[in-house]
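Visitor: The lines below spell out each chain.
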Amino acid sequence: MSERDPQNRDRFDNLRDLIDQPVEPRDAFAGELRSRLMRELSANDYSREEQVSAMDATIPPRPPLAFPIESPRRIRPMVILELAAAAIIILGLAATLGRGWFGNDPDPATAIPAAALPGDDTPTPAVDNPTPTEVSIGQPTVMPNEAIPTVASMSDPTMVPNSMIPTVSSEGSFEPTGVPPGNVSGTLWTLPGADGDIVDFGGLLVDDGIVYRLLATTDFVGIQAVNGNDGTVKWQQAHQWSGDLFALEDNTLYFDGGNNRIVAVDAETGAEQWRAQVEGNPIAIAEEDDRLFVLLDTDFVTALDEANGTQLWSDRSGAADDSPDTVTPVRGTWRIAVAGGIVAAISREGVITGFDVTDGTARWSLSGYPNPAAWIDDEDDFFVVTNGTVPGTSIRIDPASGEIQVGASPDDASDSMILPTAAADQTQILPAIALGTPDERTPQIVVGVSDDSGVYYQLSDGTLVKVDAGRMEDNDHREESDDDSDNAPESDD
Amino acid sequence: MIALRERETRTSGGVVSGAALSDPATFDAFYTEALPVVYGYFLRRTGGLPALAEDLTQETFLSAIRQIGKGTRVDAPMPWLIGIARHRLIDHYRTTAAEERRYRPIERTAMELADERDDFAAVLDRQQAIAALDALPASQRLAISLRYLDGLSVPEISRKIDKSVHAVESLLARGRATFKQHYLEHGHE
Chain A
1 MSERDPQNRD RFDNLRDLID QPVEPRDAFA GELRSRLMRE LSANDYSREE
51 QVSAMDATIP PRPPLAFPIE SPRRIRPMVI LELAAAAIII LGLAATLGRG
101 WFGNDPDPAT AIPAAALPGD DTPTPAVDNP TPTEVSIGQP TVMPNEAIPT
151 VASMSDPTMV PNSMIPTVSS EGSFEPTGVP PGNVSGTLWT LPGADGDIVD
201 FGGLLVDDGI VYRLLATTDF VGIQAVNGND GTVKWQQAHQ WSGDLFALED
251 NTLYFDGGNN RIVAVDAETG AEQWRAQVEG NPIAIAEEDD RLFVLLDTDF
301 VTALDEANGT QLWSDRSGAA DDSPDTVTPV RGTWRIAVAG GIVAAISREG
351 VITGFDVTDG TARWSLSGYP NPAAWIDDED DFFVVTNGTV PGTSIRIDPA
401 SGEIQVGASP DDASDSMILP TAAADQTQIL PAIALGTPDE RTPQIVVGVS
451 DDSGVYYQLS DGTLVKVDAG RMEDNDHREE SDDDSDNAPE SDD
Chain B
1001 MIALRERETR TSGGVVSGAA LSDPATFDAF YTEALPVVYG YFLRRTGGLP
1051 ALAEDLTQET FLSAIRQIGK GTRVDAPMPW LIGIARHRLI DHYRTTAAEE
1101 RRYRPIERTA MELADERDDF AAVLDRQQAI AALDALPASQ RLAISLRYLD
1151 GLSVPEISRK IDKSVHAVES LLARGRATFK QHYLEHGHE
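One line per chain: the protein sequences are A and B, in this order.
Using the numbering used here, you'd call the opening residue of the first sequence number 1 and step up by one each time.
Using the numbering used here, you'd call the opening residue of the second sequence number 1001 and step up by one each time.
Please keep in mind that the hints were generated in silico from the structure rather than gathered at the bench.
These figures come from a predicted structure and were not determined experimentally.
Here a beta-carbon is modelled for each residue, glycine too, at the ideal position from N, C-alpha and C.
Incorrect hints may appear among the rest.
To be verified - Residues from chain B shown here face chain A by an in silico Cβ test under 8 Å; the list is partial: (1) Y1031; (2) L1035; (3) Q1058; (4) S1158; (5) K1160.
Make the full structure from the sequences, and use the hints.
Guide: Structure follows, in structure tokens:
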């Protein structure tokens, strides 16, 4: 598209002269502002002996300053430099004392301490682009000797000299040395969070026996990959992240890198592959035919080349005239799905739009779906939109036409957690677990995922727990339930 | 009434120092001339909201005074002040864009874009044009304002508002279409 539209050249180019004119504000405002500005001037320690006429004025030779963008949410440059200097000094002292920040971090230089406050998307200025550890493809990151976890054997009691070393309970032989909160039966291992106080979690995934979690503590912000069989840390890489997006497709992790960026990271090593600037904060992602489809919090749907993040097209999910009043959706429940050559997404105002995957042409839209907790999935080449607040309510949409087919009935999951799994856009029903008598110190389950070997729970105190679902005798185990009503197939129209 | 651009040119001469502005008479003269320029700048770019325009005007002048107090040398005070105002406008958009979003149905948007080739009033009515600009969604109004009122190029806008060139062009296309639709629908009221 040309920079200047010849069709509207004359009309819009005249807009400035037509409407852009000075306007006198209210007298009261003008007077109050004048008074305040005079007070500001008086407060400046400026010598009156230097007063000269306006045309002949000279100013002491100081370099011109760029306009500082004075926002209460930004950190001034000098503070940034001071923070960076302090961080470097602290790192140097820690290294000198022979104690890195992270026992399992292969390269302390990449384990950059940063403070990410909950809800704060401002990148830590000192670590705008952390350099990931250089590793060869196919070779896992080598852990320092002191970080190699001790696996309990039949003859060696489990010792835990380092808080980062997970405990492993072999079947029937030893009691877990790290007692999980609430003494959850069937615990296989526990892994504390990274050093520092937990500030935020970004997500939890499991794929091919590796658990990935997005963490932010007072000392570490980034991704941790954990071996699901024994709870050892495979790799840990510092990455600035934000929001709720955390997804895994074709051995690549995707997450919100903050400042309207989506970041792709090699799931094998944690090394960054690419980052792409998009027109909003990414909140959901789908993949098909080497293309990524990203839903942004601006309701834009953006298609990216999976190999390098190059934008292929971008368009916005619209709204109909009769759309309901704006509701505040539950963050993280918006979804995007691909089926039948159509990518569909739900906007924040409950409008579902179907875009052609090849060029982003909007094919249909459905309005009046105001439920803020709805999510959309692809199932058997149809879109299924589920009402998250009213179990058992969903609609099925034909991708080609946008025609609604009513009648799908998901399982009632009122006493269990329904959570998205890592690779597939399918929900799983995971057993709820008791964490002991709840009080203010009892950690809460933040998120859980599962694979064939067990269930992984991320707790609010940073602990990652793996539970053998087959031994959870005290918990509602739906995966092997004999109750036919729990596994009733969905009715077909 | 002198157009904004002329005022920028006429008041661009001379060197204004903090010492000069601290003189009440000098400051009063500068403030008197600059206030309606800055206020009018914001009023047209914020949907005609006086309260918001006042807030942003105040922020602009305070920022300018603090710069002067630090010894910033200003060779062209009015363009310099408008530059500060533009920064404040973009910052405001960044922090409030989520709350000011509006949507158009897909079918209507497609029709609007196609109608860009139809005849459109060769000479716009000022009041109708102001109303049409005020009616734009914030993101479209920002793009239209920066492009056609501030005279920035698409790449310049892309850098300032941290969006891709494609996204900016899309906003401009939608903004022109929305502007035209509102202008034509309310042209005879």
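Visitor: Hint compliance check: list the failing hint numbers for this structure, sorted ascending.
Guide: Hints 4, 5 contradicted; others consistent.
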